[in-house]
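Enquirer: So the chains spell out like this:
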Amino acid sequence: MDTLTLSRLQFGVTTVYHFFFVPLTIGLSFLVAILETMYVKTGDERYKQMTKFWGKLFLINFSMGVVTGIVQEFQFGMNWSGYSRFVGDIFGAPLAIEALVAFFIESTFLGVWIFGWDKLSKKLHCVSIWLAAAATSISAFWILLANSFMQNPVGYTLNNGRAEMTDFGALLTNGHLWWQFPHVLTSGLTTAGFFIVGISAFNIVRGNNKGFFEKSFRFGAVAALIGAVLVIFAGHEQTRSLSEEQPMKIAAAEALWETEAPASFSFIANIDQENRTNKGALSVPGGLSFLLYYNFEGEVKGINDLQAQMEAEHGPGDYIPPVAVIFYTFRIMVAAGGLMLILGIAAVIITRKKAALSAYKKLMLIFSWSLFLPYIANASGWIMAEMGRYPWVVYGLQTMEDGVSTVTNPVYLTISLVGFILVYTVLAIVTVILMKRYAIRNPETDKEIVAEGKGASLWT
Amino acid sequence: MDLNTLWFILIIVLFSGFFVLEGFDYGVGTLLPFVAKNDTERRVVLNTIGPHWDANEVWLLTAGGAIFAAFPNWYATLFSGFYLALFLILLALIVRGVAIDFRSKKEDPSWRKTWDILFCVGSLLPALLFGVAVSNLMTGVPIDANMEYAGTFFTLLTPFTLLGGVTFLLVLTFHGMLFLGLKNGVASIEERIKALSPKLGIVMLVVTVLWVVYAAFTTNLITNGIIPIITVALAAVLLIAAVILQVKGSTGKAFISSSLAIVMVTITAFASMFPNVMISTTSADYSLTIYNASSSPYTLKIMTIVALTAVPVVLVYLAWSYWIFRKRVTEKDLHY
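Chains as they are written, first to last, in our numbering: chain B, 1 to 460; chain E, 461 to 796.
No wet-lab data here; the hints were simulated from the structure.
Computed from a predicted model, the values in this text were never measured in an experiment.
Keep in mind that the hints are not guaranteed to be accurate.
Unchecked claim - In silico contact screen, one side only, chain B against chain E (beta carbon under 10 Å); selected entries:
| id | residue |
| --- | --- |
| 1 | 11 |
| 2 | 12 |
| 3 | 84 |
| 4 | 89 |
| 5 | 434 |
What the hints assert, rightly or not - Covered stretches of chain B (in silico footprint by chain E; criterion: 3 or more residues with CB under 8 Å from a CB of chain E, positions within the stretch not fixed):
| id | segment |
| --- | --- |
| 6 | 69-76 |
| 7 | 270-279 |
Said to hold, decoys possible - Below 16 Å or equal to it, Euclidean Cα-Cα: the simulated EDC-like pairs (lysine to aspartate or glutamate) are:
| id | chain 1 | residue 1 | chain 2 | residue 2 |
| --- | --- | --- | --- | --- |
| 8 | E | 787 | B | 118 |
| 9 | B | 301 | B | 245 |
| 10 | E | 497 | E | 791 |
| 11 | B | 447 | E | 567 |
| 12 | B | 52 | B | 401 |
| 13 | E | 761 | B | 164 |
| 14 | E | 573 | E | 501 |
| 15 | B | 119 | E | 793 |
| 16 | E | 565 | E | 499 |
| 17 | B | 123 | B | 44 |
| 18 | E | 761 | B | 167 |
| 19 | E | 565 | B | 258 |
| 20 | B | 48 | B | 444 |
| 21 | B | 215 | B | 45 |
| 22 | B | 56 | B | 446 |
| 23 | B | 354 | B | 214 |
| 24 | B | 279 | B | 258 |
| 25 | B | 215 | B | 444 |
| 26 | E | 497 | E | 651 |
| 27 | B | 447 | E | 568 |
| 28 | B | 48 | B | 118 |
| 29 | E | 792 | B | 245 |
| 30 | E | 566 | B | 44 |
| 31 | B | 210 | B | 444 |
| 32 | B | 210 | B | 2 |
| 33 | E | 497 | E | 650 |
| 34 | B | 52 | B | 118 |
No residue lacks a Cβ here, since even glycine has one placed at the ideal position from N, Cα and C.
Can you build the whole structure from these sequences, using the hints too?
Expert: In structure tokens, the structure reads:
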């Protein structure tokens with residue numbers, strides 16, 4: 001494999017992996033902070049148990065997010081030095097600011113929170129987790145500001161062969177950022193909501209600590225539903241604004257080869273990238289125009305016209321992303337989102353009924369599995385967002401060929417790629433084992449529950 | 461003073477913070493198998509750095525981010541050029557970060573032993589490799605006309621740079637031992653530290669002196685103005701003082717002394733390069749400087765405002781967090 005392929009593969013693998021941990025960190029830190037606040041306000045020991053139980057799972061996840069995050073910061077320079085030289089004037093700033101104003105707060109106050117249960121007053125201890133939670137969102141803001149520049153460059157001028165910042169305010173008000181940021185935050189809330197719902201349902205099925213897990217389920221269900229509603233709204237609006245910022249990404253996401261007015265929406269399509277057409281599709285006429293513009297007339301530019309337009313602007317070349325990948329990751333994300341909305345509603349409805357939650361055995365089994373839905377949506381959403389920018393690293397300004405480090409020996413790249421995959425695989429196994437262990441701990445005694453072995457083994 | 465110079469100084473500040481704070485974490489990790497002989501002792505040792513190690517590592521992330529923001533060409537050349545070395549550092553940092561958090565999550569002795577070994581190796585390796593990296597910055601590396609690194613991984617491994625690696629490892633281990641001496645409240649650990657102090661201290665001093673003498677011949681240490689000469693002399697005095705104070709039993713003063721010595725070493729390394737940030741051994745014309753590697757004046761201005769506002773606030777709550785955990789860690793503090 002050549003340098004570019006190896007570097008893309010490594011960045012893709014490490015980034016998707018890193019992002020398995022990030023949304024849960026964002027969402028669960030916030031939910032644990034709410035639980036501790038309830039404990040401080042009511043003095044109810046059950047809330048303290050909930051804080052500790054969900055807090056422990058949060059911390060396992062957080063460790064993984066931290067260690068895989070360092071890789072991210074280093075990789076820009078290691079594998080993408082052309083990119084780093086080209087946009088460092090703009091891109092470096094948010095990374096440095098993220099470390100200064102978010103990582104220090106996050107790490108310091110989590111350290112205080114973990115070790116400070118008997119060293120701080122109840123209130124100050126609770127403030128620590130709020131500060132850490134706020135810092136995770138601040139961190140998301142700055143890194144997404146950087147990513148938004150790659151998706152939709154603003155506030156720059158081309159000078160000395162590189163992009164130079166001319167307007168910091170424009171970076172802060174980048175239209176792409178202001179849908180992407182809420183999209184990521186609400187996906188975090190959704191992930192955390194279904195995490196609590198899933199693990200609670202799993203324990204309810206097994207008959208473990210009924211009171212504790214029913215209460216947790218109720219709490220998680222509300223978060224999951226609010227998250228699902230908001231994430232769908234934010235995602236939908238982001239797609240609408242993308243149709244202006246990156247029409248090619250939207251055309252690829254819809255496998256729309258020719259410009260149409262009104263444009264139809266396809267549920268599935270048999271995509272033939274080589275001949276730039278679909279060999280068949282199941283479509284709703286005018287559907288896409290309605291989704292993007294709320295009318296049945298609007299024109300949506302097709303891939304072929306956009307390709308011609310790009311060639312006119314940037315010279316000959318292939319400007320078409322892998323359409324099938326973009327088309328299907330988009331659909332997987334949307335389908336998972338829709339399913340989460342339905343499950344979120346169902347979860348809230350059954351918590352309003354009189355019957356004990358353990359009475360809904362089948363539903364609880366489904367909820368146990370729902371834990372994975374946000375992860376599927378998060379990963380496919382990012383694959384669509386990043387691969388949909390093909391062939392650009394910075395949209396319209398720099399291609400991947402120009403961004404990749406050329407000095408690095410492909411042998412070194414192979415070593416690092418294989419190394420990361422091995423270490424990450426082992427750590428994934430260890431993390432799942434630990435998560436499972438702590439997910440079925442008795443929250444009242446903080447001891448392991450001896451498995452009763454009555455079927456219902458989802459995990460082992 | 462222009463903003464380029466200010467940012468060069470800020471990066472020295474960030475690396476000083478990193479080597480002093482994360483430095484004792486590495487030292488404590490390296491010493492883990494030598495000063496703690498059973499599970500309780502090992503947990504005590506780890507808990508001395510428990511609340512702090514993650515924040516200490518953020519100094520590295522901030523320093524890396526600052527190089528990227530203020531000197532993108534430096535960041536690009538350094539990180540792509542030192543690829544394999546950085547990959548090893550990353551692996552080590554991943555493993556040690558996970559190890560300290562995961563080791564107590566299961567009672568199983570072999571589980572704990574595995575993570576403790578990994579924590580030790582994951583602490584030792586970065587200390588060593590950062591020494592190698594800094595030594596390479598001081599001697600310079602092959603860089604071509606396009607600012608690209610023109611060597612291999614093995615170009616980075618010379619007798620001088622390897623000696624630099626060992627020097628960093630020893631200095632940080634000694635420094636970590638002093639921190640542990642201040643923070644642990646277990647008699648058996650105390651005794652082992654006492655026994656180790658003079659031996660480790662002397663070895664560290666001898667190796668460090670060798671490295672400095674070697675540096676006088678192979679780097680710009682004594683030919684680049686008066687600052688590196690002053691700071692290297694101060695570093696030597698402070699390190700000797702740290703060993704003497706520790707052997708006499710004033711661990712607190714010894715720790716302050718070793719902290720200042722590490723700051724002086726950091727200043728020495730960077731000041732010997734100034735105004736270069738990466739010296740090219742191919743041709744002096746190809747060296748990266750604080751001017752040809754830098755960001756635009758506008759970006760430097762924005763970053764200066766952010767840094768001068770945020771850094772003092774960070775220092776205040778960091779100091780607070782050390783104040784909260786000022787008590788020694790004993791067998792009774794194992795709730796984590």
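Enquirer: Would you mind marking each hint as holding or not holding in the structure?
Expert: Here is how each hint holds up against the structure:
1. Among the interface hints, the one on residue 11 of chain B is violated; its C-beta lies about 14 Å from the nearest C-beta in chain E, farther than the 10 Å criterion.
2. Given the 10 Å rule on beta carbons, the hint for residue 12 of chain B is violated: about 17 Å separates it from the nearest Cβ of chain E.
3. Interface restraint check for residue 84 of chain B: the shortest CB-CB distance to chain E comes to about 4 Å, inside 10 Å, so the restraint holds.
4. At its closest, the beta carbon of residue 89 of chain B sits 5 Å from a beta carbon of chain E; the interface hint therefore holds under the 10 Å criterion.
5. Because the smallest distance between the Cβ of residue 434 of chain B and any Cβ of chain E comes to about 5 Å, under 10 Å, the interface hint for this residue holds.
6. With 5 residues carrying a beta carbon less than 8 Å from a beta carbon of chain E, the segment 69-76 of chain B meets the three-residue requirement, and the given coverage holds.
7. Chain E is given as covering the segment 270-279 of chain B, and this is violated because 0 residues of the stretch bring a CB closer than 8 Å to a CB of that chain, at least three being needed.
8. Between the alpha carbons of residue 787 of chain E and residue 118 of chain B the distance comes to roughly 13 Å, so the proposed pair stays at or under 16 Å and holds.
9. Taking the CA atoms of residue 301 of chain B and residue 245 of chain B, the gap is near 13 Å; set against the 16 Å cutoff, the hint holds.
10. As the CA atoms of residue 497 of chain E and residue 791 of chain E are separated by approximately 14 Å, the hinted pair is consistent with the 16 Å bound.
11. For the suggested pair residue 447 of chain B and residue 567 of chain E, the alpha carbons sit about 12 Å apart, so the restraint of at most 16 Å is met.
12. Only pairs whose Cα atoms come within 16 Å are accepted, and residue 52 of chain B paired with residue 401 of chain B is rejected, the gap being roughly 48 Å.
13. Among the hinted pairs, residue 761 of chain E with residue 164 of chain B is consistent with the structure: their alpha-carbon atoms are about 13 Å apart, no more than 16 Å.
14. Of the supplied pair hints, the one linking residue 573 of chain E and residue 501 of chain E holds, its CA atoms being roughly 13 Å apart against a limit of 16 Å.
15. Between the alpha carbons of residue 119 of chain B and residue 793 of chain E the distance comes to roughly 11 Å, so the proposed pair stays at or under 16 Å and holds.
16. Pair hint residue 565 of chain E plus residue 499 of chain E holds up; C-alpha atoms about 13 Å apart against a cutoff of 16 Å.
17. A threshold of 16 Å between alpha carbons decides the hint, and for residue 123 of chain B with residue 44 of chain B the separation of about 14 Å falls inside it, so the pair holds.
18. Of the supplied pair hints, the one linking residue 761 of chain E and residue 167 of chain B holds, its CA atoms being roughly 12 Å apart against a limit of 16 Å.
19. About 57 Å separates the Cα atoms of residue 565 of chain E and residue 258 of chain B, which puts this hinted pair outside 16 Å; it is violated.
20. For the given pair, residue 48 of chain B sits about 10 Å from residue 444 of chain B by alpha-carbon distance, which is consistent with the 16 Å threshold.
21. Among the hinted pairs, residue 215 of chain B with residue 45 of chain B is consistent with the structure: their alpha-carbon atoms are about 13 Å apart, no more than 16 Å.
22. For the proposed pair residue 56 of chain B and residue 446 of chain B, the alpha carbon gap of about 11 Å is at most 16 Å, so the pair holds.
23. At roughly 12 Å between alpha-carbon atoms, residue 354 of chain B and residue 214 of chain B fall within 16 Å of each other, so this suggested pair holds.
24. For the given pair, residue 279 of chain B sits about 13 Å from residue 258 of chain B by alpha-carbon distance, which is consistent with the 16 Å threshold.
25. For the given pair, residue 215 of chain B sits about 13 Å from residue 444 of chain B by alpha-carbon distance, which is consistent with the 16 Å threshold.
26. With a C-alpha separation of about 12 Å, the suggested pairing of residue 497 of chain E with residue 651 of chain E holds against the 16 Å cut-off.
27. Our distance criterion of 16 Å between C-alpha atoms is met by residue 447 of chain B and residue 568 of chain E, whose separation comes to about 15 Å.
28. This hinted pair checks out: residue 48 of chain B and residue 118 of chain B have alpha carbons roughly 13 Å apart, not beyond 16 Å.
29. Restraint check for residue 792 of chain E and residue 245 of chain B: the C-alpha separation of about 58 Å exceeds 16 Å, so the hint is violated.
30. For the suggested pair residue 566 of chain E and residue 44 of chain B, the alpha carbons sit about 29 Å apart, so the restraint of at most 16 Å is broken.
31. Pair hint residue 210 of chain B plus residue 444 of chain B holds up; C-alpha atoms about 11 Å apart against a cutoff of 16 Å.
32. For the hint linking residue 210 of chain B to residue 2 of chain B, the alpha-carbon distance of about 55 Å lies beyond 16 Å, and the restraint is violated.
33. The hinted pair formed by residue 497 of chain E and residue 650 of chain E meets the criterion: a straight-line CA distance of about 12 Å does not exceed 16 Å.
34. A C-alpha spacing of about 14 Å is found between residue 52 of chain B and residue 118 of chain B, which places the hinted pair at or below 16 Å, so the restraint holds.
Violated hints, listed in ascending order, are 1, 2, 7, 12, 19, 29, 30 and 32; each of the other numbered hints is respected by the structure.
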